[in-house]
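Using the sequences and the hints, build the whole thing.
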Amino acid sequence: MAGLAAAFGSGAMTNSIADIEDAGCIFVIGSNTTACHPLIARRIFRAKEKGAKLIVADPRNIQLSRFADVAVQHRLGSDVALLNGMMHLIIRNGWQDKDYIAQRTEDYEALEKLLQSYTPEKVKAITGVDPADLENMTELYATHPPASLLYAMGITQHTTGVDNVKSCCNVAMLCGYVGVHGGGVNPLRGQNNVQGACDMGGLPNVYTGYQPVADAEAREKFSTAWGTELPDSPGLTITDMIPAMLEGKLKGLYVIGENPKLSDPDWNHLNHALKELDFLVVQELFLSETAQVADVVLPAASVAEKDGTFTNSERRCMRIHKAIEPVGNALPDWQIIARLSTAMGYQMDYASPEEIFDEMTALTPKSYAGMTYERLGLDGLQWPCPDGQHPGTPYLHKDQFTRGKGKFHAVEYKDPAELPDKEYPYFLTTGRMFAHFHTGTMTRISPHLDVEQTTGYVTINPQDAGSLDIKEGDVLILSSRRGQMEAPAKISGSVEPGTLFLPIHFGENPTNVLTNAEAFDPLAKIPEFKVSAVNIEKLAS
Amino acid sequence: MNDRVKRWLEDGTVDLFLGYKMIMGHPLPHCFVKEKIEEVNDLIIGPARYSLEKIATHIAAVKPDIKIGLLARDCNQRALNVLYIWNQLNPENVRTVNVNCCPSNLKEHGDCSYLEHEAAGSFKRQVGIDNNLQPENIEGYGQSQRLSRWMYEFQKCIKCYGCRNICPVCFCQECSLEHRELVGTGALPPEIPIFHLVRAVHMAGRCIDCGLCEDACPVDIPLRLLYQKVNEIVSDVFDYKTGTGDSQSPFNILGDTVTLEPKPIQLAKTAN
Numbered sequence: 000m001a002g003l004a005a006a007f008g009s010g011a012m013t014n015s016i017a018d019i020e021d022a023g024c025i026f027v028i029g030s031n032t033t034a035c036h037p038l039i040a041r042r043i044f045r046a047k048e049k050g051a052k053l054i055v056a057d058p059r060n061i062q063l064s065r066f067a068d069v070a071v072q073h074r075l076g077s078d079v080a081l082l083n084g085m086m087h088l089i090i091r092n093g094w095q096d097k098d099y100i101a102q103r104t105e106d107y108e109a110l111e112k113l114l115q116s117y118t119p120e121k122v123k124a125i126t127g128v129d130p131a132d133l134e135n136m137t138e139l140y141a142t143h144p145p146a147s148l149l150y151a152m153g154i155t156q157h158t159t160g161v162d163n164v165k166s167c168c169n170v171a172m173l174c175g176y177v178g179v180h181g182g183g184v185n186p187l188r189g190q191n192n193v194q195g196a197c198d199m200g201g202l203p204n205v206y207t208g209y210q211p212v213a214d215a216e217a218r219e220k221f222s223t224a225w226g227t228e229l230p231d232s233p234g235l236t237i238t239d240m241i242p243a244m245l246e247g248k249l250k251g252l253y254v255i256g257e258n259p260k261l262s263d264p265d266w267n268h269l270n271h272a273l274k275e276l277d278f279l280v281v282q283e284l285f286l287s288e289t290a291q292v293a294d295v296v297l298p299a300a301s302v303a304e305k306d307g308t309f310t311n312s313e314r315r316c317m318r319i320h321k322a323i324e325p326v327g328n329a330l331p332d333w334q335i336i337a338r339l340s341t342a343m344g345y346q347m348d349y350a351s352p353e354e355i356f357d358e359m360t361a362l363t364p365k366s367y368a369g370m371t372y373e374r375l376g377l378d379g380l381q382w383p384c385p386d387g388q389h390p391g392t393p394y395l396h397k398d399q400f401t402r403g404k405g406k407f408h409a410v411e412y413k414d415p416a417e418l419p420d421k422e423y424p425y426f427l428t429t430g431r432m433f434a435h436f437h438t439g440t441m442t443r444i445s446p447h448l449d450v451e452q453t454t455g456y457v458t459i460n461p462q463d464a465g466s467l468d469i470k471e472g473d474v475l476i477l478s479s480r481r482g483q484m485e486a487p488a489k490i491s492g493s494v495e496p497g498t499l500f501l502p503i504h505f506g507e508n509p510t511n512v513l514t515n516a517e518a519f520d521p522l523a524k525i526p527e528f529k530v531s532a533v534n535i536e537k538l539a540s
Numbered sequence: 000m001n002d003r004v005k006r007w008l009e010d011g012t013v014d015l016f017l018g019y020k021m022i023m024g025h026p027l028p029h030c031f032v033k034e035k036i037e038e039v040n041d042l043i044i045g046p047a048r049y050s051l052e053k054i055a056t057h058i059a060a061v062k063p064d065i066k067i068g069l070l071a072r073d074c075n076q077r078a079l080n081v082l083y084i085w086n087q088l089n090p091e092n093v094r095t096v097n098v099n100c101c102p103s104n105l106k107e108h109g110d111c112s113y114l115e116h117e118a119a120g121s122f123k124r125q126v127g128i129d130n131n132l133q134p135e136n137i138e139g140y141g142q143s144q145r146l147s148r149w150m151y152e153f154q155k156c157i158k159c160y161g162c163r164n165i166c167p168v169c170f171c172q173e174c175s176l177e178h179r180e181l182v183g184t185g186a187l188p189p190e191i192p193i194f195h196l197v198r199a200v201h202m203a204g205r206c207i208d209c210g211l212c213e214d215a216c217p218v219d220i221p222l223r224l225l226y227q228k229v230n231e232i233v234s235d236v237f238d239y240k241t242g243t244g245d246s247q248s249p250f251n252i253l254g255d256t257v258t259l260e261p262k263p264i265q266l267a268k269t270a271n
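Sequence order for the protein chains is A and B. The first sequence lines up with residues 0 to 540 when you count with numbering that gives the first Met the number 0. The second sequence lines up with residues 0 to 271 when you count with numbering that gives the first Met the number 0.
Heads up, a few of these hints could be off.
[Claimed, not checked] Some but not every residue of chain B turned toward chain A, in silico, with C-beta under 7 Å: (1) Gly120; (2) Thr184; (3) Pro188.
Worth flagging that the hints you see were computed from the coordinates, not collected in a lab. Cβ atoms here follow ideal geometry from the backbone N, Cα and C, with glycine treated the same way.
Put into C-alpha cells, the structure is as follows:
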C-alpha cells in the first residue's frame, strides 16, 4: 500500500472487480488468482473469453497460466527487473502514452534514464525470462488498451515489496492505464475486510481514512471528538513489536483475529518474544495456535453472529447482518473493545455498530462521509463517497490522481535478502492453496475443506525429486538459517527445478520456522515470505 | 395469489410458505409464516429463481410433518416430482402455487427466458463451448474437438461445488465428489474430466434441466448442456423422462461405499 500511495496518493485497488471484464488485456503478476481470489478469477476468465489478452507472470506454473497468451515463470524476487524490462521495450517501441505522461504524471525523465540499461538480455540474466516472451508480453500489455494489472502477495511479500508495487504503477502509468474503466493497478486484498481494517486506521500511523497521526490538525480533530488527548507519535508495526518484546519495552500484547504464531515470519524468534511478555490476550473465534498460549482468550462472535460492515478489495463498504445470536459467551468485537476500554477508564458507550459507523463517517470526510447504513443497502458503496448524494467511485484517479500528478519512481533492481548458496541450495517460496484460508484457524475445522488437504506438504520439481531419489509422500527435512521442519513431498512441475513451495496453512508443518524475520521491506515492514534459501534431505526411514 | 397464500397460512393448510420478497432491490427467497401474515403482501413471483424445493427438503429433514407451501415454476414442479420419487419430500405435506415460467411459450420444455445466456465471446466460441448450444450441435464437432472443448471448459473449474449446492435434486448424505477414491483432492483444477463426469453420471435420470447449476457456475461451464446429454441417453436407452412419471430412474449407480441411505426424512424419524 505504501508503494501505491507514493505513486498515486491512494493505497487501494484503483478499479472495480466487475470492470476487469472490460479490460483489453489482463496482466496478472504474483497472484494465484483461481486459488486465492476465485471470484476475481471469474472476471479474468470472462474477459479472456470475450477476447481480452491474458499475461501471467508467476514463479510457479498456476491454473491461470494454462489460459494465458503469454505465461512466464520469472525467478523469485526478480519482479522489478521484469517490469523494468517491459518498460524498456515499451519506450524502445514508442508504445508509451506521451500525452498522458506529459499531462498527468511527473518524474518520468529519471525513470526513462534508468530503464536504458534494462535490455532484454540483462533482464533474462536476472529473471530467466526469454527475450521473445518478454517482447510478446510487453506488446500485448502495451497495445491492448485498457490493460488491467492485478497483483497480490507475490509482489508485496519481499524486501523490495514497495519497489515492486512502484514498478507496477510505473508500467501502468507509462501506458496511460490508470484512471480509466477496465484498467488500473489492482492489489487483490487477502482478507474480506483487510481494506476496511486499514481504512479504519488499523495501522500504527493513521486515523480513519489514512489521516496521519503525525498531522496536528487531524490529531486535534480526533482529540476533540473523543474528548481525550491523543499521542502524537505513531505506534509500532508488528515487525517492530517483536524486537520491542525481546527488549522488554513491550510487556503486554492484545491480538485480535490474528494468529502470529503461524503468520509471523520467524517462528522461533516470535516464540522467544512471546515468552518475554507479561501478558498476552487473544480475541478469536477458535483456539488458534496463538490463543493456546495466551493468558486470556476473549471469545469473539463470528460473521454470522454480528452486525456491521466490511470493506472489500474494491473499496466497497457493505453491511453484514446478524443471522444468529452469538454462541456461548462470545461477543461482537466492538462490544469487547468497548467494555475493555470502559474497564480501563475510558468510557465507550455505543448502542449499536451503526452508531459507531456514523461517528466514523463524520470524522472521515473524503472517503466515508457520504455513507449511511441505509444508503449502503445490499450492494454497498465504493469510497471515495464524500457526501450523501455521491454514488460512490468505481475507479480512482479519473481526471487527476489523488496526490495530484502520478509520480514515476526510478527503481533499480535489488536481489532478495537471501539467495541460494552451497549450504542452502534451494529457493523456497510460500503461499496458499485453494481450500484453506491463511493459518487455517477456520478452514481446517471444516470437514468439507479439510478433506481437500489435511496436512502440510512441500512441492518439489520432478527433476529435483529424481536426483534426490524422492518419491511422492516421502517426508523431507527442510532447513534454513533459522530452523528446520518436515513435510511430505508433493512432486509437481508447477515449480521450477531448484525451487520449493510450502503452503502456510498448517501449524504442524510451520513454514515460518524457515522464513526470515530479519528480511523485510524497509518502508512497509512486510516480511519477505516469498523468498528464502533452504536445504532439503530425505528423512531416513 | 397473495390472498390464497394468506388463506393457506391462516387456516393451517400450510405451516409456512416459501416464495420471494424484494429486499433492497433484490428478489430474495423468503419464508412467509402466519405470525407475520402482513409480509405476504410483499410476496412476489419473480424474476429470480432459486431451488425453493431444496430449502423445503432441509426443513422436512428436521421437521418431517411440517406442511410446506411453495411457489413453483415448471422446473420446481419437476424437481418436486423427483424429490417425491426419491422420498426426500412427502407429497402429502407439500402444497404449491403453480406459476408460469418466465414469459415463454415453450412450457413443454420448461425453458424460461431468464436462462438465455449472453452471446458467447469470440475466444470461448473458438476453443470452448457456447452455453447456448444444444446437445446435437456438439455432436457436429467430432470426437477430438469435442474432448478438447470440454476439457477447456472443465479446466476453468475452481471446485466451488456451486453446481452441487444449488442443485434441487442433489440430496445424497455422502457426496461422490468428495470421495477421495473417485476424485483426487488438493489441487486446482480438480481432477478433470472425472470430477465433472462423476457428477454427470449422477445427474442421469435425476437432472430436471432447471439450469441453476449453470447459473451458479462462476466460470461459465455449460453444465446444463452436459446433463441434457446424459438425460438424452437415459431417455433413448430406458425410455425414461426425468421429472415426469412416478418411478425412479431405471439407471442406477449405487456402489458399495456411496450410499443414498439414510434419506433425510427417515433419518429424522429415526432420530426422534
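Against the structure, the hints come out as follows:
{"no.": "1", "hint": "Gly120", "in the structure": "4 Å, holds"}
{"no.": "2", "hint": "Thr184", "in the structure": "5 Å, holds"}
{"no.": "3", "hint": "Pro188", "in the structure": "6 Å, holds"}
Checked against the numbered hints above, the structure violates none of them.
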